[in-house]
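Could you put the whole structure together from the sequences, leaning on the hints where they help?
Okay, here's what each chain looks like letter by letter:
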Amino acid sequence: MFYFIIDILGTIAFAISGVLVAIDKKLDLFGVFIIAFVTSVGGGTLRDLLIGNTPVLWLRDPVYLYTIFGTVVFAVAFRARLKYIRKSLFLFDTIGIGLYTMVGIERGIAVGLSSIMCIGLGTITACFGGVIRDILCNEIPVIFRREIYATACIFGGVGYFLLRRLPFDDAYAFMAGIIIVIGIRLIAVRFKIALPSIYKTT
Amino acid sequence: MFYFIIDILGTIAFAISGVLVAIDKKLDLFGVFIIAFVTSVGGGTLRDLLIGNTPVLWLRDPVYLYTIFGTVVFAVAFRARLKYIRKSLFLFDTIGIGLYTMVGIERGIAVGLSSIMCIGLGTITACFGGVIRDILCNEIPVIFRREIYATACIFGGVGYFLLRRLPFDDAYAFMAGIIIVIGIRLIAVRFKIALPSIYKTT
Amino acid sequence: MFYFIIDILGTIAFAISGVLVAIDKKLDLFGVFIIAFVTSVGGGTLRDLLIGNTPVLWLRDPVYLYTIFGTVVFAVAFRARLKYIRKSLFLFDTIGIGLYTMVGIERGIAVGLSSIMCIGLGTITACFGGVIRDILCNEIPVIFRREIYATACIFGGVGYFLLRRLPFDDAYAFMAGIIIVIGIRLIAVRFKIALPSIYKTT
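Protein chains in written order, with full-length UniProt numbering: chain A, 1 to 202; chain B, 1 to 202; chain C, 1 to 202.
If several chains are the same, the list does not tell them apart, and a pair holds so long as it fits within one copy or across any two.
In silico lysine-lysine, DSS-like type, Cα no more than 25 Å apart, as pairs:
1) 83 <-> 25
2) 83 <-> 192
3) 192 <-> 25
4) 87 <-> 192
5) 87 <-> 26
6) 192 <-> 26
7) 87 <-> 25
8) 26 <-> 83
It is worth saying that the hints were derived from the structure and are not from the lab.
As structure tokens, this is what we get:
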């Protein structure tokens with residue numbers, strides 16, 4: 001139940017981030033909905049395709065479609081006021097990538113992948129919805145250009161696999177993984193920490 | 001046989017729409033062929049991937065490859081005159097999305113998806129070839145920006161599932177679904193009906 | 001063992017080509033790695049998805065991930081000197097598409113596809129990593145616009161299926177296929193041969 005609520009909050013946060021980008025691009029209502037949808041479920045869909053877990057999750061569980069549909073209706077209706085909830089959005093989004101990372105890792109474990117591939121799968125689950133959103137909107141994906149984002153997912157995944165070796169219940173490692181992702185992202189954004197640049201400043 | 005002819009006409013119409021966009025972008029012959037190909041089969045391919053129906057259809061049935069190849073040769077040879085058949089093209093394309101919508105819905109039913117997911121799958125089948133075409137050509141997908149297109153597919157799908165409940169043969173509902181898609185699209189284009197805009201006119 | 005070495009060389013060449021494009025676009029370290037990764041494994045991944053061979057290859061065999069990771073570290077560290085090995089890169093890349101074409105064809109044969117579809121699958125394996133790279137970097141894919149590239153793969157595939165009919169071991173036809181791809185590409189680049197243009201020179 002707890003996971004379910006976070007999952008839904010993450011779905012909503014991703015959907016709203018999609019709506020914001022789509023409105024920025026002046027897409028019509030259908031376009032806004034599709035962008036919100038792929039932002040929310042794109043990462044999980046790519047994960048399911050890569051491991052052969054088909055039909056993909058959102059085709060089997062309508063809760064995602066309904067949640068995103070409701071979010072889009074709400075977000076478009078109150079689009080003038082979305083900026084006031086930007087901080088809450090950032091928090092949902094951050095919680096969302098934490099949870100999505102761990103969900104992706106669990107799926108990887110379930111099909112017998114190695115730890116490192118599970119971490120990759122978790123990162124894909126968390127990050128590639130945003131990548132597909134940016135491609136559809138004709139932008140170079142934002143996560144390739146700035147901030148600690150995918151890196152937080154990778155560290156969370158590594159932390160999870162290290163903590164799993166301790167003699168505790170796996171659920172603790174799972175929660176710790178989520179917390180590591182969220183913590184790194186919050187700290188990175190708060191203190192403006194980015195990956196070391198490989199370009200000369202001009 | 002009747003369905004097969006419409007399927008081929010739809011394939012041809014989509015392929016020509018791909019050729020037109022690709023020529024506009026000054027792609028070379030190989031590029032033109034690939035764009036025509038993905039425009040024609042991209043929607044069905046994404047559908048097959050999402051439901052796990054692999055190898056995807058066009059790998060198993062060469063008729064699509066041959067049809068598209070022939071269409072590209074023809075369209076490139078007569079590229080100067082393509083504008084004269086623009087109206088026929090529009091009609092083929094409209095018939096094509098009607099049929100593709102219903103084909104996608106049937107596939108969804110075959111793997112046991114809920115009605116609403118079947119409608120989504122039908123819409124993907126009809127519309128995402130054009131989306132992939134636009135992404136490959138570095139454009140924001142046109143169906144996110146204007147006209148009734150995907151919306152017609154959704155209404156056709158809803159109509160089909162409502163009519164299926166009546167005590168007639170399913171084939172009538174199938175035909176009715178195609179006709180609804182075509183009808184809505186024709187009416188929308190004829191009377192310039194678009195989705196309500198969510199932007200202020202400037 | 002011989003194939004394995006060529007496979008790794010091809011992976012390295014594709015990864016470096018990804019690094020070059022990503023640096024050109026000023027992506028951050030994570031972005032550079034992802035672009036290198038998709039350039040290397042994107043074609044094979046799309047092939048595996050289309051035929052339903054999941055989990056896709058790189059999830060099952062970590063050698064690709066490690067090779068690409070090492071290549072990116074190396075390429076970024078020596079990025080100022082990458083231009084001096086451009087010729088070797090071109091050679092690796094050309095050997096890479098030769099091998100990837102034949103690997104894709106073998107996979108197609110393994111799932112019982114027709115010869116023409118196997119050739120298509122081989123061409124996808126060889127060429128679509130670069131296509132996905134260009135899409136992620138917001139460019140119209142370069143192979144749609146110039147040079148003999150995919151065309152060499154297609155000819156290599158046709159050559160392979162013709163030679164297989166001769167009463168020799170298939171391994172010879174396999175090698176011949178690779179050599180045809182490499183030969184056509186080298187000759188085309190050396191003598192600046194391109195596909196016939198369908199546009200008026202302006």
